[in-house]
Amino acid sequence: MVKASRYYRAMLLSLYLFLIICFSLLSLSNTPINPKPLYMGLGFMAIITIGFITMRIFALNGDAMLFLLSNFLCGIGLVMIYRVNEGLAYRQFIWITGGVAAFIVFTFLFKYYGHLIKYYWYFGIASLLLLAVTIIFGKEIGGSTNWIIIAGYSFQPSEFVKILFCLTSASFLRERREPKDILYYSGFVVAIVLLLFIQKDLGTAIIFFLTGIVFVYTATGKLRYPLIGLTMFAVGAVISYLVFSHVRVRFEAWLNPWMDVPGKGYQIVQSLFAIGAGGLFGSGLGLGHPEYIPAVSTDLIFSIMVEEFGLLVGLAVIVIYLLIFVRAYLSAMASDDSLKELLLTGIASMLAFQTFIIIGGVTKFIPLTGVTLPFISYGGSSIVTTFCLLGIMNSLSIEEVER
Amino acid sequence: MKKNIRNVLIAVVLMFSSLIGYLLYFEFFMRDTLLASDYNRRLWEEENRVVRGSIIDRNGTVLAETVVDGDQKKRVYYGDASVGPLVGYNSRQYGRSGIEAAYNKELLGMETKNPFILFRQNILGIKDRGYDVILTIDSGLQKTAYEALGGRRGAVVALNPRTGEILAMASSPGFNPNNIERDWEKIKADKESPLINRAIQGLYPPGSVFKIIPLSAALENIEGLDERTFNCTGATDVDGLIIKDYNGTAHGEIDIERAVELSCNSTFINLGLEIGAQGMGAYADSFGFNRNLDFDLPVKMSLFPNPTSKRELALSSIGQADILATPLQMAMVASAVANDGTIMHPYIVKGIADSEGRIRYSRQDEAYLSPISGATADKIKEMMIGVVNRGTGTAARISGIDVAGKTGTAEVQGKKSHAWFIGFAPADDPKIVVAVIVENGGSGGQVAAPIARQVLNKYLPRLFRD
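Top to bottom, those sequences are chains A and B. Per the numbering used here: the first sequence = residues 406 to 808. Per the numbering used here: the second sequence = residues -2 to 463.
For the record, the hints were derived by calculation from the structure and aren't laboratory data. Computed from a predicted structure; not experimentally measured. Treat the hints loosely; a few may be bogus.
Stated by the list, open to error - Just so you have them, the derived chain B footprint on chain A, three or more residues with Cβ under 8 Å:
| # | stretch |
| --- | --- |
| 1 | 622 to 628 |
| 2 | 638 to 650 |
| 3 | 676 to 687 |
| 4 | 707 to 721 |
Unchecked claim - Selected chain B positions facing chain A (Cβ under 10 Å, derived; list incomplete):
| # | residue |
| --- | --- |
| 5 | 0 |
| 6 | 4 |
| 7 | 6 |
| 8 | 15 |
| 9 | 292 |
| 10 | 373 |
All residues carry an ideal CB built from backbone N, CA and C; glycine is no exception.
With the hints as extra help, turn the sequences into a complete structure.
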């Protein structure tokens, strides 16, 4: 117990140090010196400290590292967003506060997961309904019709569906693993993917599809399911390439963005220039050119982060993600309950795919499809959902000392 | 189920490892070319922040520099039109060309800098200065070469055969980069294309200057060539195609040496047919044809298409057919003869120096190709001295110095011939190789050789004074 606490303290202290340096820099870069960034930094530190202490006091035993590591990501994201757009940072601060609260609530709730999973049918139906409603009442923002606006507040139902989807999948597959059951489950996944595809939200559709495959493989251990799944994916990709122009555009922009730099290739080329400009050490906070990068506070936030903090920090961020996911998988392997195993593996994989798709996309490793970078990108729905998922993982995982 | 989770874990770790590997590859192998892209607005941003480095010739003469006057920055070029196509221009409106384009990143000092130095500069408010690019060019010689062309369309390349350093690279007509923004429309529309650097971007039929290549092949592959005589009647019939000698002159009974001096087509056609298409292609390749030269500026590839018929082979042996060469390529051919059979890798950027004069990069000489043996080179050299002393190239003679050379008059369909001259001096210890072309200028001996003479004359006496 003592040993673990010391680690946690060291992590918190280094996080404080990082945040104070970054927000001080943001304060000092204004003339006259503007104390507001520093206040926000202190506020953020207060939120995560309260969150951490609350968790410890109520002995919500889980893997505290998950929370600490994600706070690093949230912190660097908040710094970047503040630097790019001060107004958005205040809102992001509110989302993070809400997210930490949701994290604690979900950690608490999932101590009693036995009661929750009885309702998985409702969760499944709710996720399909939410997506269907989005298609009917949705508003197009940034090329995808995946937003709903209620009373002036816009949110992305597809984000919340991630929670429902993981719960439904784990609960269903916990006991039902016959080929017939897998077929039913596949129907559910395909329905969700198609609904997202209609909204032109390709990235999210792919995330759900791959996560579905991981759920089935984890439950059954049969290699043929992922093979069939990936074949379907390939066939689907080819067909949509041939039929849908918006899919073709993304693919061509990936293959050769230089063909049409002001048009199709604009996003990816600007992103690559930013990443290249940063080099290993970055231009320094505040010295890059976020004004050249489209969607810089959301989908392309990784690019400006690498431009200003350097590739080494970019790689460190990737490693932090990997640490979160690996810890979740290790907890799943140490677990004695198949529902825990499925939920931990599924949620970790879902976030892993999301991270990979957007970082790989903005670096031209794979075709760019717009999704948020978990914990870092600006966005209320995304931040709150990711913290809810983290809460579930935290609740189900086992504290290090107990292993 | 533990095993399944472990496999998922492995897959995810592999996925992220490949991403990290790709990012490292991107950083170390793709980044440089990417950043140099004209689409990169950060370059212009750097341009505002940084004082662009100077372009300097081999003797320290400034060819281009940025003059700072308060908040105003102005790029000033020296050397007028003689350096235009080589040094290029740097305009926010019209982009960049020449050295300004090829060494943009260095001139802006854009490589990853030591973060501590950057930090110091930022704190102290030191205005960042890009790097200086030092050329191998001798700006005096460059001016002579340009003026010798006298406004005619053409190019002169002069290089040091021992090192590969380009001493002059003139392209005519040129343009004055100082006026690029004022005169853009006029320069752009000019039918004589002053923007093109003909020395490396112009592809021309080489005509008789190409004969050095079949001559090399013949000397190295045909036994007893020295003792043979050839009978020239002024025209040769190859499968019904009549190929005439220059002005239809019949040279009569001559040996190989005299054939080179008089640039006898009949003799070279006979030699070419004897060598065969394969041998000819092999020698052309070994002199650098059909090969992308890695040069400091973009170079067009010189072409020797493999002859597919006897007629084509015959035309190829006198440098016609579809052979195309840049003036730089022909200078390299002459430099093989001058440098004992070895072509040194040509270069034009000698080094890069930072704002405090420290050399950051210095080019090393290296051999590029070795097409012929030293003995062959010596034999060809003797014949080329003969060309200047008593052959077609007498206009290149300089009293007191042995000049070796070869003229060319390359026929162009429906237009006046291109005048060529390649050569070097002093023949016993070559210091400089020149290649001259005057587009549609007429006879190589009458038009190109005098230009070469002026260039050699300008460069050599000074050397002898040293």
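Tested hints:
Counting residues of the stretch 622 to 628 of chain A whose C-beta sits closer than 8 Å to any C-beta of chain B gives 5, which meets the bar of three, so the coverage hint holds. Only when three residues or more bring their CB closer than 8 Å to a CB of chain B does the claim for the stretch 638 to 650 of chain A stand; here the count is 0, and the claim is violated. Remark: the stretch 676 to 687 of chain A is confirmed as covered by chain B, as 8 of its residues place a Cβ nearer than 8 Å to a Cβ of that chain, reaching the required three. With 3 residues carrying a beta carbon less than 8 Å from a beta carbon of chain B, the stretch 707 to 721 of chain A meets the three-residue requirement, and the given coverage holds.
Because the closest C-beta pair between residue 0 of chain B and chain A is about 7 Å apart, less than 10 Å, the hint holds. The beta carbon of residue 4 of chain B is positioned within 10 Å of a beta carbon in chain A (closest approach about 8 Å), and the interface hint is therefore held. For residue 6 of chain B, the suggested interface contact is upheld, since its CB lies about 4 Å from the closest CB of chain A, less than 10 Å. Because the beta carbon of residue 15 of chain B sits about 8 Å from the nearest beta carbon in chain A, less than 10 Å, this interface hint is met.
At its closest, the beta carbon of residue 292 of chain B sits 23 Å from a beta carbon of chain A; the interface hint therefore is violated under the 10 Å criterion. The beta carbon of residue 373 of chain B comes no nearer than 46 Å to any beta carbon in chain A, farther than 10 Å, and the hint placing it at the interface is violated.
The structure fails hints 2, 9, 10 (numbered hints given earlier, in ascending order).
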